[in-house]
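**Student:** This is what each chain is made of:
Number of protein chains: 2
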Amino acid sequence: MKTNIESYLSTMKSMVESKLIELLPNSAEPMSRLEEAMRYSILAGGKRLRPILCIAASEAVGGTIEVVLPIACAIEMIHTYSLIHDDLPSMDDDLLRRGIPTNHSVFGEATAILAGDALLTDAFSVIASHGTSNGIAPSVIVEIIRDISMAAGSQGMVGGQAFDLALEGKEVTLDVIERMDSLKTGALIEASITSGGRIGGASDGEIYYLKRYARAFGLAFQITDDILDIEGGVEVGKDRGADARKKKATYPGIVGVEKAREVAVELSEKAVFALKDFDEKADPLRELALYLGGRKY
Amino acid sequence: MKTNIESYLSTMKSMVESKLIELLPNSAEPMSRLEEAMRYSILAGGKRLRPILCIAASEAVGGTIEVVLPIACAIEMIHTYSLIHDDLPSMDDDLLRRGIPTNHSVFGEATAILAGDALLTDAFSVIASHGTSNGIAPSVIVEIIRDISMAAGSQGMVGGQAFDLALEGKEVTLDVIERMDSLKTGALIEASITSGGRIGGASDGEIYYLKRYARAFGLAFQITDDILDIEGGVEVGKDRGADARKKKATYPGIVGVEKAREVAVELSEKAVFALKDFDEKADPLRELALYLGGRKY
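First to last, the protein sequences are chains V and U. Per the working numbering, the first sequence starts with residue 2, numbered consecutively. Per the working numbering, the second sequence starts with residue 2, numbered consecutively.
Hints listed in this document are in silico derivations from the structure and should not be mistaken for laboratory results. Given the structure is predicted, the values throughout are model-derived calculations rather than measurements. All residues carry an ideal CB built from backbone N, CA and C; glycine is no exception.
Listed below are several chain U residues computed to face chain V (Cβ distance under 10 Å; list not exhaustive):
{"no.": "1", "residue": "His105"}
{"no.": "2", "residue": "Glu110"}
{"no.": "3", "residue": "Leu121"}
{"no.": "4", "residue": "Asp148"}
{"no.": "5", "residue": "Phe164"}
Between the sequences and the hints, there should be enough to build the whole structure, so can you do that?
**Tutor:** Put into structure tokens, the structure is as follows:
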């Protein structure tokens, strides 16, 4: 494996962020406050994991970055909307995200809700408009809109957030946590990967293995994220142990950090194994799994 | 004009409501509270104006109801999400909508926000999935997703709501109100009509005239709605004069009810005139404009 994963991540992150700025609306008054709030959260950093996975999946089957990039950014817009809404006072009531004040702490609750709504809705305009202008076949655009909206909606991410709120303070089993994680973060991660694959021209067989990769990766990522919350870390930017104080059910919270880390590493290896029939173009996907499954930053 | 408009409206309303129930998710616990909240607002009544306009526009160019119906319902899901979010404490802070408690009064703020998010997102799944299974060409599905998402997003409905909040308590001109109304309600009404037209197989020329119809109709509808708010009415289901107490800028609030009513009637006639080259299949659209432009219920 020749890809230098840290340099790959950093190059992709820059490309995604430049494109995101280009894709966001930038009107004159009086809508500018809404747009300012959209830009604030979009530019508030983050790993850009979902768009990078989308790009890497497209490259893995021979797609070019230019074609997939706006779609990858649209997925990041959907992820960002979900963070803005999750942080709201009536939800997780967080004042900090990635070390800076959350959207509603800066712009107020009404504008934060609307900024989330707008990012979600505009993401579909970006997919439809830029998908078309980038020459993606309309049938593929419809498939990825179906995959992404199903992953983000009541049977995916939003359902997972409702599930999570319902579980707060309750005793839960590992199965329930895996189900919640697969809805709340796994579904959109999977859709990022399958969308990238479809845009890159993946066969049905390749989509099948990309899904296997995505499922193992998604769970490994969530477990590692929850370990980081317990152990703290500079890049998390929120208070250490925030989940425990809110009595959020997490995987390492139940099995302990050591066991959870083992599971995350196993899942990462399972993700890599799913790509055994892919050539070296899938190396970034492979290294992403190993890097994030074992990350200790 | 042979269509009996009240019977047409009532038949279409029933068809839309039956299909909406079928399209909404209906899972087992623990997501059922989210889904209950989605159903609550979807089934809370309303004129179903946007889906009926979508169906009528499709019929006007020769489309069949069966093909357009799920898309029409998806637009109603987007409209319903916008009402749930507009009613939130940080927005308009309304306790009643159509005479019954608002979503957040019943389910709490967190679930209401998520129910809105889910209705918006699931609407795109419905368009992509049912559009495909109903045999609508993928290129047409992509066009209507682009039109609807642009009409609903930062440059349309969400932008209009942000604009409206920014204007509260301020002195505004008629131009500003027309711009706000065209964003907040006009854009999605226009997209309902053009989507229906595209699904029904409208030519570019027909889409042009459907847009002219939609713009005149949308403004007439908003003005009539604002007149009803001033004069009160059983079907509005909210306190008479709610806009005035909140100092919301409205068209009749500036020019007075009599003048506003004249303008609404003129706009309705303008809408009808836009359809002069359409045959009798466009009669429901024509009568809808005259009925709603002059409505006094």
